[in-house]
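Chain E is already provided as a structure; the job is to place chain Z on it using the hints.
If you want the building blocks of each chain, they are given just below.
Number of protein chains: 2
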Amino acid sequence: MILNASIALDAQAITRCIRRIAREVAEHHGGINNLVLIGIIRRGANLADRIAILLNEDGRPPVPVGTLDISSYRDDSKGVLGDPRLLGRDIPFPLEDRRVVLIDDVLYTGRTVRAALAALADLGRPQSVELAVLVDRGERELPIRADYVGKNIAAPPGQRVYVKLSEIDGVDAVLVGEQKPEAASGRDRAKA
Amino acid sequence: MILNASIALDAQAITRCIRRIAREVAEHHGGINNLVLIGIIRRGANLADRIAILLNEDGRPPVPVGTLDISSYRDDSKGVLGDPRLLGRDIPFPLEDRRVVLIDDVLYTGRTVRAALAALADLGRPQSVELAVLVDRGERELPIRADYVGKNIAAPPGQRVYVKLSEIDGVDAVLVGEQKPEAASGRDRAKA
Chain E
0 MILNASIALD AQAITRCIRR IAREVAEHHG GINNLVLIGI IRRGANLADR IAILLNEDGR
60 PPVPVGTLDI SSYRDDSKGV LGDPRLLGRD IPFPLEDRRV VLIDDVLYTG RTVRAALAAL
120 ADLGRPQSVE LAVLVDRGER ELPIRADYVG KNIAAPPGQR VYVKLSEIDG VDAVLVGEQK
180 PEAASGRDRA KA
Chain Z
0 MILNASIALD AQAITRCIRR IAREVAEHHG GINNLVLIGI IRRGANLADR IAILLNEDGR
60 PPVPVGTLDI SSYRDDSKGV LGDPRLLGRD IPFPLEDRRV VLIDDVLYTG RTVRAALAAL
120 ADLGRPQSVE LAVLVDRGER ELPIRADYVG KNIAAPPGQR VYVKLSEIDG VDAVLVGEQK
180 PEAASGRDRA KA
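These protein sequence lines map, in sequence, to chains E and Z. Residue numbering for the first sequence follows numbering that gives the first Met the number 0, beginning at 0 and increasing consecutively. Residue numbering for the second sequence follows numbering that gives the first Met the number 0, beginning at 0 and increasing consecutively.
Don't read these hints as lab results, they were simulated from the structure. The reader is advised that the hints may include incorrect statements.
Cβ-to-Cβ under 10 Å is the rule here; a few derived chain E residues that face chain Z [unchecked claim]: (1) 4; (2) 86; (3) 110; (4) 114; (5) 141; (6) 163.
To give a feel for the contact side, a few chain Z residues facing chain E, derived at Cβ under 8 Å [what the hints assert, rightly or not]: (7) 81; (8) 128; (9) 129; (10) 141.
Even for Gly, the Cβ is constructed at its ideal location relative to N, Cα and C.
Next up, chain E with everything else stripped away, as it sits in the complex (with noise of 0.2 Å):
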């Protein structure tokens, strides 16, 4: 549930934001060929698969996609704030040598990001990895930035950000508004 929404995007602008990103990562990559996605599950997961439609159009090779799944940082089994961890990762490819772009919903605290960097480090040796977020709201608690972002929106104190996508959805928005902790649930709540 959440409270006093509003919409910060809606399906067209999530689609324009999605199609600058998957432009400027072509651009940045040029003939991509040693180019994978992961996306971090669930939205990140979303956004890469389609981020990876977008660049095969214009007649390039497939992408790869793999996806990551990261705890939220509440997800603790005791109940105390733990930094998010790694849950489980489907990436049926190498990565030795790739130049990986890292996709997720939102990017907040940085902390699910900083256990995407670690799981990926312990996969192999990237040539580089680079980071996509469809939202950064900012409030940052760890060194990270994102080379890719779609929409930059401040959330006042007490708000959340949350991306809506048709694929979980059935609905493309991004919406602002009072979090109501106790409804949500897993790996739905908007991520650190």
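Here is chain Z on its own, set in the frame of chain E:
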């Protein structure tokens, strides 16, 4: 041995950079009651000591200083490029709920910092981790950024940035020069 070296920062310039970083850290953290500094060995640790002294000079309470020892990414025993890893640490205080400023001499690929962030996450959950570096030479391979930068120095391809500090090298200087790998040894090498 550094060939064809040019001086990018002299002793006075280094002192100014460190003073500015200390001032910015003090301003950003106000009362700095829960501030701690973690220097990356070797020269990041010397920089951390100098910044701690400057923070103290105005009668502020002493700021705890710890160190992390992170391998160079060329240190892999198989002679293969591997990511940096934690070799050791000296952090004799809890990080829980502390504001950490991680300090290194040169920020380059970001891989050393990534390893340091992983090491810090293993030690508890600091409230935040910021990054301060004397030199940012760009050419990042990971989505890492510094919060406090002494000086941005773009080194031409094939050249390296060498930070010399009086505690170790008998002189304060930042040099840019051609790299002569066979003359470098262990952790004195320019870090990733």
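Hint residue 163 (chain E) vs chain Z: min CB-CB distance below 10 Å? violated (25 Å)
Would the stated hint for residue 141 (chain E) survive a check requiring a Cβ distance to chain Z of less than 10 Å? holds (5 Å)
Under the criterion of a CB-CB separation shorter than 10 Å, is residue 114 (chain E) in contact with chain Z as hinted? At 8 Å from the nearest chain Z Cβ, residue 114 (chain E) passes the 10 Å test, so the hint holds.
Would you settle whether the hint for residue 110 (chain E) is holds or violated, based on the nearest Cβ-Cβ distance to chain Z being less than 10 Å? Given a least distance of 8 Å, the restraint on residue 110 (chain E) holds.
Should the hint that residue 128 (chain Z) touches chain E count as held when the rule is a Cβ pair under 8 Å? This hint holds: residue 128 (chain Z) lies near chain E, its Cβ roughly 5 Å from the closest one there, short of 8 Å.
When the nearest CB of chain Z is found for residue 86 (chain E), is that gap smaller than 10 Å? violated (16 Å)
Close enough to count: is the Cβ of residue 141 (chain Z) nearer than 8 Å to one in chain E? Nearest chain E Cβ about 5 Å off; hint holds.
Hint check: is the beta carbon of residue 81 (chain Z) less than 8 Å from a beta carbon of chain E? holds (6 Å)
Should the interface hint for residue 4 (chain E) be scored as holding, given a Cβ-Cβ cut-off of 10 Å against chain Z? violated (28 Å)
Interface hint compliance - residue 129 (chain Z) to chain E, C-beta minimum distance less than 8 Å: Check passed: Cβ of residue 129 (chain Z) comes within 6 Å of chain E, closer than 8 Å.
Hints 1, 2, 6, counting from the list given before, are not met by this structure.
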